[in-house]
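Take a look at the letters that make up each chain.
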Amino acid sequence: MSHPDHFALFALPPRFAIDETALESAYKAVQSKVHPDRFAAGTAAERRVAMQWAARANEGYRTLKSPLPRAAYLCERAGVAIGAESNTAMPGPFLVQQMEWREALEDARRSADAKHLAGLANGMAAERSRVIAEIGDAIDRRSDYAAAAKLVRQLMFIEKFGDELRAADEALSHPREASA
Amino acid sequence: MALLQIAEPGESAAPHQHRLAVGIDLGTTNSLVATVRNSIPVVIDDAEGRSLLPSIVRYLADGTVEVGYEAQKHQSLDPRNTVVSVKRFMGRSRADVLHVENMPYDFVDRPDAAPGMLQIRTAAGVKSPVEVSAEILKDLRSRAEEALGGELVGAVVTVPAYFDDAQRQATKDAAKLAGINVLRLLNEPTAAAIAYGLDHSAEGTYAVYDLGGGTFDISVLRLSKGVFEVLSTGGDSALGGDDFDHRLFCWIIERAKLLPLSQQDSRSLMVKARDVKELLSVDPEVRANAVLTTGEVVDVPTTSRDFAHMTQPLVDKTLVACRKALQDAGIKPTDVDGVVMVGGATRMPHVRKAVGTFFGQTPLTNIDPDKVVALGAAMQANLLAGNRAAGDDWLLLDVIPLSLGLETMGGLVERIIPRNSTIPVARAQEFTTFRDGQTAMAIHVVQGERELVADCRSLARFELRGIPPMAAGAARIRVTFTVDADGLLSVAAREMGSGVEAAITVKPTYGLSDDEIARMLQESFGSADEDMRARALREQQVEAQRLLEATVAALAADGDLLSLDERNAIERLVADSSAHLQGTDIAAIRAATEALVAGTDDFAARRMDRSIRAALAGRTIEELAK
Numbered sequence: 000m001s002h003p004d005h006f007a008l009f010a011l012p013p014r015f016a017i018d019e020t021a022l023e024s025a026y027k028a029v030q031s032k033v034h035p036d037r038f039a040a041g042t043a044a045e046r047r048v049a050m051q052w053a054a055r056a057n058e059g060y061r062t063l064k065s066p067l068p069r070a071a072y073l074c075e076r077a078g079v080a081i082g083a084e085s086n087t088a089m090p091g092p093f094l095v096q097q098m099e100w101r102e103a104l105e106d107a108r109r110s111a112d113a114k115h116l117a118g119l120a121n122g123m124a125a126e127r128s129r130v131i132a133e134i135g136d137a138i139d140r141r142s143d144y145a146a147a148a149k150l151v152r153q154l155m156f157i158e159k160f161g162d163e164l165r166a167a168d169e170a171l172s173h174p175r176e177a178s179a
Numbered sequence: 000m001a002l003l004q005i006a007e008p009g010e011s012a013a014p015h016q017h018r019l020a021v022g023i024d025l026g027t028t029n030s031l032v033a034t035v036r037n038s039i040p041v042v043i044d045d046a047e048g049r050s051l052l053p054s055i056v057r058y059l060a061d062g063t064v065e066v067g068y069e070a071q072k073h074q075s076l077d078p079r080n081t082v083v084s085v086k087r088f089m090g091r092s093r094a095d096v097l098h099v100e101n102m103p104y105d106f107v108d109r110p111d112a113a114p115g116m117l118q119i120r121t122a123a124g125v126k127s128p129v130e131v132s133a134e135i136l137k138d139l140r141s142r143a144e145e146a147l148g149g150e151l152v153g154a155v156v157t158v159p160a161y162f163d164d165a166q167r168q169a170t171k172d173a174a175k176l177a178g179i180n181v182l183r184l185l186n187e188p189t190a191a192a193i194a195y196g197l198d199h200s201a202e203g204t205y206a207v208y209d210l211g212g213g214t215f216d217i218s219v220l221r222l223s224k225g226v227f228e229v230l231s232t233g234g235d236s237a238l239g240g241d242d243f244d245h246r247l248f249c250w251i252i253e254r255a256k257l258l259p260l261s262q263q264d265s266r267s268l269m270v271k272a273r274d275v276k277e278l279l280s281v282d283p284e285v286r287a288n289a290v291l292t293t294g295e296v297v298d299v300p301t302t303s304r305d306f307a308h309m310t311q312p313l314v315d316k317t318l319v320a321c322r323k324a325l326q327d328a329g330i331k332p333t334d335v336d337g338v339v340m341v342g343g344a345t346r347m348p349h350v351r352k353a354v355g356t357f358f359g360q361t362p363l364t365n366i367d368p369d370k371v372v373a374l375g376a377a378m379q380a381n382l383l384a385g386n387r388a389a390g391d392d393w394l395l396l397d398v399i400p401l402s403l404g405l406e407t408m409g410g411l412v413e414r415i416i417p418r419n420s421t422i423p424v425a426r427a428q429e430f431t432t433f434r435d436g437q438t439a440m441a442i443h444v445v446q447g448e449r450e451l452v453a454d455c456r457s458l459a460r461f462e463l464r465g466i467p468p469m470a471a472g473a474a475r476i477r478v479t480f481t482v483d484a485d486g487l488l489s490v491a492a493r494e495m496g497s498g499v500e501a502a503i504t505v506k507p508t509y510g511l512s513d514d515e516i517a518r519m520l521q522e523s524f525g526s527a528d529e530d531m532r533a534r535a536l537r538e539q540q541v542e543a544q545r546l547l548e549a550t551v552a553a554l555a556a557d558g559d560l561l562s563l564d565e566r567n568a569i570e571r572l573v574a575d576s577s578a579h580l581q582g583t584d585i586a587a588i589r590a591a592t593e594a595l596v597a598g599t600d601d602f603a604a605r606r607m608d609r610s611i612r613a614a615l616a617g618r619t620i621e622e623l624a625k
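Sequences listed follow chains A and B, in order. Counting from 1, position 71 in the first sequence corresponds to residue 70 in numbering that gives the first Met the number 0; the numbering is continuous, with no gaps. Counting from 1, position 332 in the second sequence corresponds to residue 331 in numbering that gives the first Met the number 0; the numbering is continuous, with no gaps.
It cannot be assumed that every hint is accurate.
[Said to hold, decoys possible] Cβ pair distances, simulated, as ranges:
(1) B:GLU593 <-> A:ALA124: 56 to 66 Å
(2) B:PRO300 <-> A:ARG101: 35 to 45 Å
(3) B:MET309 <-> A:PRO92: 51 to 61 Å
(4) A:ASN121 <-> B:GLU202: 55 to 65 Å
[Claimed, not checked] Which chain B residues face chain A? A few, computed with CB under 7 Å, are given here:
(5) GLU406
(6) ALA484
(7) GLY598
(8) ASP600
These are computed hints drawn from the structure, not numbers from a lab. Every residue, glycine too, gets a C-beta built ideally from N, C-alpha and C.
Extracted from the complex, chain A is given alone in its bound form (with noise of 0.2 Å):
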């Protein structure tokens, strides 16, 4: 028997536009019933398959989520492979601000500017949002998954960057720390 894909266990429709209250209460509706802590009497075979079903849970609920995880699951299961790895093409303006944030981050590290990293994330968030909404209209509205593939990419590369904005902010906000 094939297992229930991440939608179904939660019994949510498969879209990119989620309900996150309600993903969260499916969630833990599931794990309520699924959960090994419910089966500690049971026997092996009982306890192994409780915690595969509650694997399953955790897996969907992680993937469903966040916007990107989710984004690359509805393309995989639509047959649209991300390909990260292989596919790195981007658009042009999109790579020239690509290349425009690091090197502001990069001055902002340098000179240790605090408002000028914050400026920074403001921007970054803005794009995020923009990107993310974009992802929804193409997977939601006109099931065009290739193009959604194409923004699940550059949705990665706003991310990484993220990542190393908030490394950036703390290492500003707590030297000591940084070095130790």
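We have chain A already, so just place chain B on it with the hints.
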């Protein structure tokens, strides 16, 4: 003949019966055992009415073992044979342990027999930390069984949230060695959150700051409608109250210009330092005084300001971990609705003050910080043992503290499961061969946050052999990491084309194999007494009978899950088992029972799967039935 009991998978056959279960806090300095009585968690005291058991074990030449207060009395007289703070050694080699040079023990490093863990040579022979911990656990077990008047079904044993896989495995083995059925390893701060949350019907986001004798944990949890969801955890498994004592100890030595010290004086001054630390929580100034074996008199005035100053770096270290945990949870200090203080070391006023300032609120201390972990563990044990009362229902979702990964080319770590992933978790990744005709692949499992293998903790190495020769990059090797609800890891590798497989349960080696543990247990329980033998036979017969009946019932209810061949095979095992049941040969009955368990394992798994799908189908759409 026994009554026929048909139980649904996972349900206790006798739900009305209260099953004896306890929670055990196996601490660095003190250990406790607690249980739930009439729906209220209580700590079980010893015969003298004391709740705490000092985690101290003394080995005597005649084989006697002293545990707790008895051992504590002699610790300064016989430091070599009296092991304190053994928790610091669990799953650790000599090189891993801080201040090892100040310790009075005769350490044995045996990289051949016990590469994973140091050992201590005592008057009663070489002991591993697992054995020492088992002595503490045995003491608590008999205390509980006497107080509750029966054998325990099992125990929830707590571990620091920041314990890695080796430390968890060592703890579980110690419990096994003490004859305890481990219902679950539970993270200490999570246990505290349960005790606190259920007691106060708390909702919202909580931080648990747990500074014990030898370990520090910080966990961030969300409590809502009976679900305890750990968002993140952090800490340091080698930072605790002991380190505060050690700072003070060094300070006293420096002030009194004492050096070198005998082992005996060293131990008494350590004990003195601890006393002074505890007094400083109440008085602003305390004199550290002692008379050494040399006749030298030590008298060092110490103020709480001195003490706060010399230990500030330790407190700062805990706050760094707090900030990282909040960051991992994606929240700010002001988002925290309450901060729960756990562990005796949180009694230090300057620690409370620093935590209060960091979180911008007064920390909660209304449950005894020494007892709260054991109480929470008792509640979880009660739930797992199936003593759930109606409405008294809650669920725990915990995380792993450290990332798990594999070594790849160039000594780099490929992360498979990131830290703070909710457990249980299973994740797979595909790898390939890098040489033409490569038939084996070495798999090196590591734990930690760093990029380089050399900076992470090595957990296990194994090899996948028998890969059919192919061009480089053609093989598809799928490596699956599974972390169970105890936070314990197992790893499996499979070449997808040929199906060759290899798997390993990650386990530290310390000179005791599973077989040896089983043998030692047998020796301690299986005295060749006639009564015992008769009892063992009866128990084996009852067990075999129960299993037979359950199997017959399962065949009737879910026989459609089996092919004709599969059904015939199980029926043969049933017939074989029934035949042996009439006899008096314990070994034969046990063998037949074990064969029946093994032969029906897959069937049991399929029934369980069906039962879970049915339970979920109540609310999910028809895709489940596919």
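To see whether the hints hold, each was checked on the structure:
1. For the pair GLU593 (chain B) and ALA124 (chain A), the supplied restraint of 56 to 66 Å holds, since their beta-carbon distance comes to about 60 Å.
2. Distance hint check: the CB atoms of PRO300 (chain B) and ARG101 (chain A) are about 58 Å apart, inconsistent with the given range 35 to 45 Å.
3. Evaluation of the 51 to 61 Å hint for MET309 (chain B) and PRO92 (chain A) yields a pass: the beta carbon distance comes to about 58 Å.
4. For ASN121 (chain A) paired with GLU202 (chain B), a C-beta distance near 33 Å fails the hint of 55 to 65 Å.
5. Given the 7 Å rule on beta carbons, the hint for GLU406 (chain B) is violated: about 20 Å separates it from the nearest Cβ of chain A.
6. The criterion of a C-beta within 7 Å of any C-beta in chain A is met by ALA484 (chain B), whose closest approach is roughly 5 Å, and the hint holds.
7. Hint status for GLY598 (chain B) relative to chain A: violated, with the closest Cβ pair at about 11 Å, above 7 Å.
8. At its closest, the beta carbon of ASP600 (chain B) sits 5 Å from a beta carbon of chain A; the interface hint therefore holds under the 7 Å criterion.
Of the hints listed earlier, those the structure fails to meet are numbers 2, 4, 5, 7, in rising order.
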